[in-house]
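Novice: Please build the complete structure, drawing on both the sequences and the hints.
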Amino acid sequence: MTGSSDFVEVRELLGEELSDLHLKVLGGEGHLDKHITHPRVQKPGLAFAGYYEYIRSGRVQIIGESETEYLKTVSAEQRAERFDRISSMAVPVFVLTKGLDPFPEFLALCQERQMPLLSSSELSSRVIKEISFFLEDHLTPSTRMHGVMIEIYGIGVLLIGESGVGKSEVALDLITRGHSLVSDDLVTIRRYHGGDLVGSSEGRLRHHMELRGLGIVNVQDLFGLAAVRERKTVDLVIELEHWQEGRAYDRLGLDETIFNILDTPCPYIRMPVALGRNVSILIEIAARNHVLKMQGHHSAREFARKLEEELERKGRGGRKHLEGRR
Numbered sequence: 228m229t230g231s232s233d234f235v236e237v238r239e240l241l242g243e244e245l246s247d248l249h250l251k252v253l254g255g256e257g258h259l260d261k262h263i264t265h266p267r268v269q270k271p272g273l274a275f276a277g278y279y280e281y282i283r284s285g286r287v288q289i290i291g292e293s294e295t296e297y298l299k300t301v302s303a304e305q306r307a308e309r310f311d312r313i314s315s316m317a318v319p320v321f322v323l324t325k326g327l328d329p330f331p332e333f334l335a336l337c338q339e340r341q342m343p344l345l346s347s348s349e350l351s352s353r354v355i356k357e358i359s360f361f362l363e364d365h366l367t368p369s370t371r372m373h374g375v376m377i378e379i380y381g382i383g384v385l386l387i388g389e390s391g392v393g394k395s396e397v398a399l400d401l402i403t404r405g406h407s408l409v410s411d412d413l414v415t416i417r418r419y420h421g422g423d424l425v426g427s428s429e430g431r432l433r434h435h436m437e438l439r440g441l442g443i444v445n446v447q448d449l450f451g452l453a454a455v456r457e458r459k460t461v462d463l464v465i466e467l468e469h470w471q472e473g474r475a476y477d478r479l480g481l482d483e484t485i486f487n488i489l490d491t492p493c494p495y496i497r498m499p500v501a502l503g504r505n506v507s508i509l510i511e512i513a514a515r516n517h518v519l520k521m522q523g524h525h526s527a528r529e530f531a532r533k534l535e536e537e538l539e540r541k542g543r544g545g546r547k548h549l550e551g552r553r
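Read in order, the letters of the sequence shown are residues 228 to 553 in our numbering.
If you're looking for bench data, these hints aren't it; they were derived computationally from the structure. It is possible that some hints are incorrect.
[As the list claims (entries may be wrong)] Each pair of labels, with its calculated beta carbon distance range:
#, residue 1, residue 2, range
1, Pro-368, Arg-515, 54 to 60 Å
2, Tyr-380, Glu-292, 41 to 47 Å
3, Arg-515, Arg-353, 34 to 40 Å
4, Gly-257, Glu-292, 25 to 31 Å
5, Glu-292, Gly-405, 41 to 47 Å
6, Gly-272, Glu-396, 53 to 59 Å
7, Tyr-281, Lys-533, 56 to 62 Å
Every residue, glycine too, gets a C-beta built ideally from N, C-alpha and C.
Specialist: Next up, the structure:
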């Protein structure tokens, strides 16, 4: 199940996710359905100085203390002219920070043109950070996958496989061994700018696991804060499947297999589950081995190279022995 939104309505900034910013509407309340189309916010300092070409449509415009102090140094006529120019450039919303009062002429213009003007008591740095994270989450391509996401030795491991194969039980065993749960059952994955895939859990499922025979358990309450993570990059995909007799499983590890998520390739391992196999330890080893590969050490290839060198050495020795007997 994939999807992404092309826009976020201004009214969504006033929801629960950004409640810590204490945003309130100062003007343009009749047009809170305007569309924000870009995850990056902007400070219009250059525009207030007369360089309007740097204003980008579809972005949240943050007005902080530095912009306000600069505007106090220009005449009321200049302020009105610059406010008028900026307000005609498809700006979806302005946000005043640090509890600053808007200039009367700016507030009047926002009311006249029904342009949303919001205010926050927080510093510009925090407002920019929180709104940027919020917009990244809502405007980037995303998908939801059935599986379990675990952080193991700093590596984000996505466990997938058919229902009943034991993904949650394996994840619980890994948590007892000191690793951290990101999401159980349903993992939301987003592709951010730069191609990074980030998995997370959403809503009321966060920090919870469903275990057959036990029901729903809260991992954070049981094991502490260190046992959970809000989000993690997807570095490795491991598919658990029931052992099938006669099926060829990789025994050397020379070939690299990938799994595509949102058109982004991820390293992939198919791991058979059978009685007597300690799957948790195998997954730990897979994570450690992935760390080594990221550092440029490929155990299987190094073994194959050494084996070839040894066979070549023995081959040369055998040829010399035959030549000596002649």
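Novice: Hint by hint, say whether it matches the structure.
Specialist: Taking the hints in turn, this is what the structure says about them:
no.	hint	result
1	Pro-368 to Arg-515: 54 to 60 Å	31 Å, violated
2	Tyr-380 to Glu-292: 41 to 47 Å	44 Å, holds
3	Arg-515 to Arg-353: 34 to 40 Å	38 Å, holds
4	Gly-257 to Glu-292: 25 to 31 Å	28 Å, holds
5	Glu-292 to Gly-405: 41 to 47 Å	45 Å, holds
6	Gly-272 to Glu-396: 53 to 59 Å	55 Å, holds
7	Tyr-281 to Lys-533: 56 to 62 Å	58 Å, holds
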